[in-house]
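Student: Work out the full structure, taking the sequences as your base and the hints as a guide.
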Amino acid sequence: MKRNGLYRLNTADIVIAAIVITVSITPLLYSFTRQKSAAANIANIYQDNKLVKQVALGQDSVYKFKNMEVEVNRHRIRIAKSDCARQVCVNTGWISSPAQTIVCVPNKVLVEIPGGGAGQYDAVSY
Amino acid sequence: MKIKKLLLIFFITAAVVTVCAFLIRKFIRPQVQKQTRFMMDTLVTIQVPGGRSVLPAIEKAMDRMEEVDKKFSILDPGSIIYKFNNEGTPVTDPEIIKVMQRAIRVSELSGGKFDVTVYPLMKLWGFYATKHLPTKEEIRETLKIVGYKYLVIKDGKMTKLKKGVGVDIGGIAKLYVVEEGAKVLKKEGIKSALMDAGGDIYAIGTLYGKPWRVGIRDPRGDGVIGGLDVSDMLVVSSGDYERFFMKDGVRYHHIMDPFTGYPARGLSSSTIFCSDPAMADGLSATVFILGKDKGFALAKKLGYFEAVVVTEDQKIYYSEGLAGSTTIVKAK
Numbered sequence: 000m001k002r003n004g005l006y007r008l009n010t011a012d013i014v015i016a017a018i019v020i021t022v023s024i025t026p027l028l029y030s031f032t033r034q035k036s037a038a039a040n041i042a043n044i045y046q047d048n049k050l051v052k053q054v055a056l057g058q059d060s061v062y063k064f065k066n067m068e069v070e071v072n073r074h075r076i077r078i079a080k081s082d083c084a085r086q087v088c089v090n091t092g093w094i095s096s097p098a099q100t101i102v103c104v105p106n107k108v109l110v111e112i113p114g115g116g117a118g119q120y121d122a123v124s125y
Numbered sequence: 000m001k002i003k004k005l006l007l008i009f010f011i012t013a014a015v016v017t018v019c020a021f022l023i024r025k026f027i028r029p030q031v032q033k034q035t036r037f038m039m040d041t042l043v044t045i046q047v048p049g050g051r052s053v054l055p056a057i058e059k060a061m062d063r064m065e066e067v068d069k070k071f072s073i074l075d076p077g078s079i080i081y082k083f084n085n086e087g088t089p090v091t092d093p094e095i096i097k098v099m100q101r102a103i104r105v106s107e108l109s110g111g112k113f114d115v116t117v118y119p120l121m122k123l124w125g126f127y128a129t130k131h132l133p134t135k136e137e138i139r140e141t142l143k144i145v146g147y148k149y150l151v152i153k154d155g156k157m158t159k160l161k162k163g164v165g166v167d168i169g170g171i172a173k174l175y176v177v178e179e180g181a182k183v184l185k186k187e188g189i190k191s192a193l194m195d196a197g198g199d200i201y202a203i204g205t206l207y208g209k210p211w212r213v214g215i216r217d218p219r220g221d222g223v224i225g226g227l228d229v230s231d232m233l234v235v236s237s238g239d240y241e242r243f244f245m246k247d248g249v250r251y252h253h254i255m256d257p258f259t260g261y262p263a264r265g266l267s268s269s270t271i272f273c274s275d276p277a278m279a280d281g282l283s284a285t286v287f288i289l290g291k292d293k294g295f296a297l298a299k300k301l302g303y304f305e306a307v308v309v310t311e312d313q314k315i316y317y318s319e320g321l322a323g324s325t326t327i328v329k330a331k
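Protein sequence lines correspond, in order, to chains A and S.
Here numbering that gives the first Met the number 0 is used: position 90 in the first sequence is 89, and no number is missing along the way.
Here numbering that gives the first Met the number 0 is used: position 71 in the second sequence is 70, and no number is missing along the way.
Hints are computed from structural coordinates only; laboratory data are not their basis.
Any given hint might turn out to be false.
As a list, the in silico DSSO-like pairs of lysine-lysine whose alpha-carbon atoms are at most 30 Å apart [said to hold, decoys possible]: (1) S/Lys-70 x A/Lys-107; (2) S/Lys-161 x A/Lys-49; (3) A/Lys-49 x A/Lys-63; (4) A/Lys-80 x S/Lys-246; (5) S/Lys-209 x S/Lys-299; (6) S/Lys-82 x S/Lys-186; (7) S/Lys-130 x A/Lys-80; (8) A/Lys-107 x S/Lys-185; (9) S/Lys-33 x S/Lys-159; (10) A/Lys-65 x S/Lys-143; (11) S/Lys-59 x S/Lys-185; (12) S/Lys-182 x S/Lys-70; (13) S/Lys-161 x S/Lys-69; (14) S/Lys-70 x S/Lys-186; (15) S/Lys-33 x A/Lys-80; (16) A/Lys-52 x S/Lys-59; (17) S/Lys-299 x A/Lys-107; (18) S/Lys-122 x S/Lys-159; (19) S/Lys-130 x A/Lys-63.
Restraint-style ranges between C-beta atoms, simulated for each label pair [unchecked claim]: (20) S/Glu-311 x A/Gln-46: 45 to 55 Å; (21) A/Lys-80 x S/Thr-259: 30 to 40 Å; (22) S/Leu-54 x A/Lys-80: 29 to 39 Å; (23) S/Gly-155 x A/Lys-63: 18 to 28 Å; (24) A/Glu-68 x S/Thr-158: 43 to 53 Å; (25) A/Lys-80 x S/Ile-152: 43 to 53 Å; (26) S/Glu-86 x A/Gln-53: 45 to 55 Å.
According to the in silico footprint, chain A covers these stretches of chain S (three or more CB under 8 Å from chain A) [what the hints assert, rightly or not]: (27) 9-16; (28) 33-42; (29) 115-125; (30) 175-183; (31) 221-233.
Idealized CB from N, CA, C, for every residue including glycine.
Tutor: Below is the structure:
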């Protein structure tokens with residue numbers, strides 16, 4: 000390979016530079032996209048303090064378990080049906096922000112959008 | 000060649016530093032321990048910054064809260080308050096008396112608009128079982144046994160002046176339970192914690208030097224209306240969105256106006272900020288029943304709490320002490 004001067008780069012140099020630049024920028028881009036979409040990526044469904052299901056909020060779905068039905072629609076989640084007497088969980092309606100929760104005491108079920116990251120709420124008063 | 004090498008070394012170093020910084024930010028986040036337990040007819044969560052060594056303190060606080068919670072049950076037939084409400088058995092338990100005195104203090108401050116004796120009304124409307132719309136006659140009859148002045152506390156003993164009078168202490172007891180849990184945490188050497196009892200939040204200290212960020216639920220939407228960065232502060236909300244039913248397009252919720260016997264009108268939610276757990280009892284419900292203007296006037300007069308309300312037409316208002324505050328974090 001002929002070298003003509005200081006500023007002439009060979010293929011290997013370009014490949015290395017490309018890798019270095021990609022490696023440098025990716026985490027930055029990744030953290031930006033994370034912050035933007037931090038609003039709601041997943042929700043956790045717990046029963047008796049045990050995680051029974053993790054659902055993606057980006058995909059509309061219905062999850063049935065025991066006598067309950069949990070619905071995901073347009074990045075929101077709610078308990079659509081429950082056999083409990085007072086229906087507090089169903090009345091809570093949709094939640095979509097990190098740190099929000101829906102609680103069904105009789106069924107010991109908690110639906111939670113995890114929060115507490117940078118710029119997010121640590122808890123939500125309701 | 001030398002310059003090229005130097006450039007390459009520079010780029011690689013920059014890349015390594017960036018990647019390391021990212022990894023540190025992502026994986027070595029300040030640790031926060033979080034525990035949850037079902038009690039008080041809701042879910043209680045305690046978060047404490049620190050390693051696993053703080054877990055026993057959280058457990059002890061939860062145990063104490065569970066112990067206090069059982070005492071304040073109004074639906075358990077064996078409980079002191081159930082016996083008072085249904086059989087007229089006088090109450091002598093010092094803790095219940097203490098909380099009842101606080102409830103009566105708020106009743107007086109609110110000019111009777113907040114009333115701990117709405118139990119018969121709540122029962123009539125079915126808020127303890129199956130909700131339904133009572134007749135005007137039924138409401139009129141029930142109002143005859145609603146009034147905190149029918150309660151007498153003397154020499155550490157609570158009795159009632161009228162048969163059928165009963166107390167709904169749930170909302171007020173919730174804060175007392177939180178206060179007791181906080182005492183245990185402090186005794187165990189915990190300086191910072193975030194306690195959440197079904198949406199009633201007590202933010203103690205800070206999260207590694209930064210205040211805790213607490214959001215306020217949007218009463219009609221699915222997210223939050225905004226929030227505040229708080230430290231050593233209680234954030235308590237009352238709203239028409241949790242316990243309610245709809246009939247002929249009208250929303251009937253559980254926050255009763257003891258003067259009319261019907262759900263209080265004007266607001267969708269009220270949130271209060273108060274730094275003293277012993278003074279915060281009943282204030283969010285009081286503001287909800289009083290409405291925006293009278294509620295804010297009370298906040299100004301008492302001077303130890305501030306409020307944010309959402310009116311029925313979904314407009315947000317802040318009390319004087321919060322207006323102009325730079326700590327309000329708008330969500331939208």
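Student: Could you run down the list of hints and mark each one as holding or not?
Tutor: Quick rundown of the hints versus the structure:
For the suggested pair S/Lys-70 and A/Lys-107, the alpha carbons sit about 21 Å apart, so the restraint of at most 30 Å is met. Taken as a hint, the S/Lys-161 and A/Lys-49 pair is broken in the structure, with Cα atoms around 47 Å apart against an allowance of 30 Å. Simply put, A/Lys-49 and A/Lys-63 have alpha-carbon atoms about 16 Å apart, close enough for the 30 Å limit, and the pair holds. With a C-alpha separation of about 19 Å, the suggested pair A/Lys-80 and S/Lys-246 falls inside the 30 Å cut-off, and the hint holds.
Restraint check for S/Lys-209 and S/Lys-299: the C-alpha separation of about 28 Å stays at or below 30 Å, so the hint holds. The hinted pair formed by S/Lys-82 and S/Lys-186 fails the criterion: a straight-line CA distance of about 34 Å is larger than 30 Å. For the hint pairing S/Lys-130 with A/Lys-80, the CA-to-CA distance comes to about 17 Å; that is within 30 Å, so the pair holds. Of the supplied pair hints, the one linking A/Lys-107 and S/Lys-185 holds, its CA atoms being roughly 29 Å apart against a limit of 30 Å.
At most 30 Å may separate the alpha-carbon atoms for a hinted pair to count; S/Lys-33 and S/Lys-159 exceed this at roughly 42 Å. A hinted pair counts as satisfied when its Cα atoms are at most 30 Å apart, and A/Lys-65 with S/Lys-143 does not qualify at roughly 44 Å. The suggested pairing of S/Lys-59 with S/Lys-185 holds, with an alpha-carbon distance near 11 Å, which does not exceed 30 Å. The straight-line distance between the Cα atoms of S/Lys-182 and S/Lys-70 is roughly 18 Å, inside the 30 Å bound, and the hint therefore holds.
For the suggested pair S/Lys-161 and S/Lys-69, the alpha carbons sit about 26 Å apart, so the restraint of at most 30 Å is met. Straight-line distance between C-alpha atoms of S/Lys-70 and S/Lys-186 comes to about 22 Å, which keeps the hinted pair within the 30 Å bound. A distance of roughly 28 Å separates the Cα atoms of S/Lys-33 and A/Lys-80; the hinted pair therefore holds under the 30 Å criterion. Proposed proximity of A/Lys-52 and S/Lys-59 is supported: the alpha carbons are some 29 Å apart, at most 30 Å.
For the hint linking S/Lys-299 to A/Lys-107, the alpha-carbon distance of about 40 Å lies beyond 30 Å, and the restraint is violated. Simply put, S/Lys-122 and S/Lys-159 have alpha-carbon atoms about 18 Å apart, close enough for the 30 Å limit, and the pair holds. As the CA atoms of S/Lys-130 and A/Lys-63 are separated by approximately 26 Å, the hinted pair is consistent with the 30 Å bound. Checked against the given bound of 45 to 55 Å, the beta carbons of S/Glu-311 and A/Gln-46, roughly 35 Å apart, lie outside it.
For A/Lys-80 paired with S/Thr-259, a C-beta distance near 34 Å keeps the hint of 30 to 40 Å intact. The beta-carbon spacing between S/Leu-54 and A/Lys-80, approximately 35 Å, falls within the hinted interval of 29 to 39 Å. The beta-carbon spacing between S/Gly-155 and A/Lys-63, approximately 53 Å, falls outside the hinted interval of 18 to 28 Å. The hint said 43 to 53 Å for the Cβ distance between A/Glu-68 and S/Thr-158, and at roughly 48 Å that hint holds.
A hinted range of 43 to 53 Å for the beta carbons of A/Lys-80 and S/Ile-152 is consistent with their spacing of about 45 Å. Evaluation of the 45 to 55 Å hint for S/Glu-86 and A/Gln-53 yields a pass: the beta carbon distance comes to about 48 Å. Counting residues of the stretch 9-16 of chain S whose beta carbon lies closer than 8 Å to any beta carbon of chain A gives 4, which meets the minimum of three for the stated coverage. Coverage of the stretch 33-42 of chain S by chain A holds in this model, with 6 residues showing a Cβ closer than 8 Å to a Cβ of that chain against a need of three.
Check on the stretch 115-125 of chain S: 0 of its residues sit with their Cβ under 8 Å from a Cβ of chain A, so the three-residue criterion for coverage is violated. For the stretch 175-183 of chain S, the assignment as covered by chain A is violated, since 0 residues bring a beta-carbon within under 8 Å of that chain's beta-carbons and 3 are needed. Using a Cβ-Cβ cut-off of 8 Å, 4 residues of the stretch 221-233 of chain S lie near chain A, which meets the minimum of three, so the contact claim holds.
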